[in-house]
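Q: Spelled out from the first residue to the last, the chains are:
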Amino acid sequence: GNSVTQMEGPVTLSEEAFLTINCTYTATGYPSLFWYVQYPGEGLQLLLKATKADDKGSNKGFEATYRKETTSFHLEKGSVQVSDSAVYFCALIDTSGYALNFGKGTSLLVTP
Amino acid sequence: NAGVMQNPRHLVRRRGQEARLRCSPMKGHSHVYWYRQLPEEGLKFMVYLQKENIIDESGMPKERFSAEFPKEGPSILRIQQVVRGDSAAYFCASSLTRTSKSSYNEQFFGPGTRLTVL
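In order, the protein sequences belong to chains A and B.
Just so you know, the first sequence maps onto residues 1 to 112 in the numbering used here.
Just so you know, the second sequence maps onto residues 1001 to 1118 in the numbering used here.
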């Protein structure tokens, strides 16, 4: 079935550093891809999504491009802030068409 | 507009007891999904429900687990005779309409219930 693999954490960065969190997928066809973020004590929030190849999702300074050649959907941000400290999950829709398959999550800590 | 509510946030049970987890979807949402996150794992789909109907329970263990979403009231995930391996975070999500391959309708997640089985 459809699945994602994302880089293990934790990732620790200084404020204003560049962020990349790698995510690759295995899928039948080209399912929609997502990045979710979970802030401490809260539920998962949709950060951005891309519904077809070459789409770029963006939100709050984060970006990810759906690349079918490399089956990747890496999350990037040019300058992280302390408030970006959270757990980030890469996900895709599985073959059911409604269930989300998540990666294990990558914990990000941004220090002042 | 309140988000998805889950309670309790933390639940401790001894082996053999029952655990009941509640999920109130966002207002107007009639589609509910339950996911489980085992330690060091990503979230795994368990069950998809609409009001009074189970649409897909393929991700839910056949024994001891059940779920319902009655016409009135929250969705309930019930685990009977809990074992240590049931210790996990259980997340509920809701959507306004059904998500499909061609039309993604965002699933809004609750904060989760962390179940600890002693």
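Be a bit skeptical, because a hint or two may be false.
Unchecked claim - So the derived label-pair ranges between C-beta atoms look like this:
{"no.": "1", "chain 1": "A", "residue 1": "Glu8", "chain 2": "B", "residue 2": "Arg1009", "range": "20 to 30 Å"}
{"no.": "2", "chain 1": "A", "residue 1": "Glu69", "chain 2": "B", "residue 2": "Glu1018", "range": "45 to 55 Å"}
{"no.": "3", "chain 1": "B", "residue 1": "Gln1017", "chain 2": "A", "residue 2": "Glu69", "range": "11 to 21 Å"}
{"no.": "4", "chain 1": "B", "residue 1": "Gln1080", "chain 2": "A", "residue 2": "Ala17", "range": "45 to 55 Å"}
{"no.": "5", "chain 1": "B", "residue 1": "Gly1016", "chain 2": "A", "residue 2": "Phe18", "range": "19 to 29 Å"}
{"no.": "6", "chain 1": "B", "residue 1": "Glu1041", "chain 2": "A", "residue 2": "Gln81", "range": "23 to 33 Å"}
{"no.": "7", "chain 1": "B", "residue 1": "Ser1030", "chain 2": "A", "residue 2": "Asn59", "range": "21 to 31 Å"}
{"no.": "8", "chain 1": "B", "residue 1": "Leu1038", "chain 2": "A", "residue 2": "Gln81", "range": "25 to 35 Å"}
{"no.": "9", "chain 1": "A", "residue 1": "Ala53", "chain 2": "B", "residue 2": "Pro1008", "range": "35 to 45 Å"}
{"no.": "10", "chain 1": "A", "residue 1": "Phe18", "chain 2": "B", "residue 2": "Arg1098", "range": "21 to 31 Å"}
Claimed, not checked - Which residues of chain A face chain B? A partial, calculated answer using Cβ under 8 Å:
{"no.": "11", "residue": "Leu44"}
{"no.": "12", "residue": "Leu100"}
{"no.": "13", "residue": "Phe102"}
{"no.": "14", "residue": "Lys104"}
The hints are simulated quantities; they were obtained by calculation from the structure and are not laboratory data.
Here a beta-carbon is modelled for each residue, glycine too, at the ideal position from N, C-alpha and C.
Q: Report the numbers of all earlier hints that the structure fails to satisfy, in ascending order.
A: 3, 5, 10
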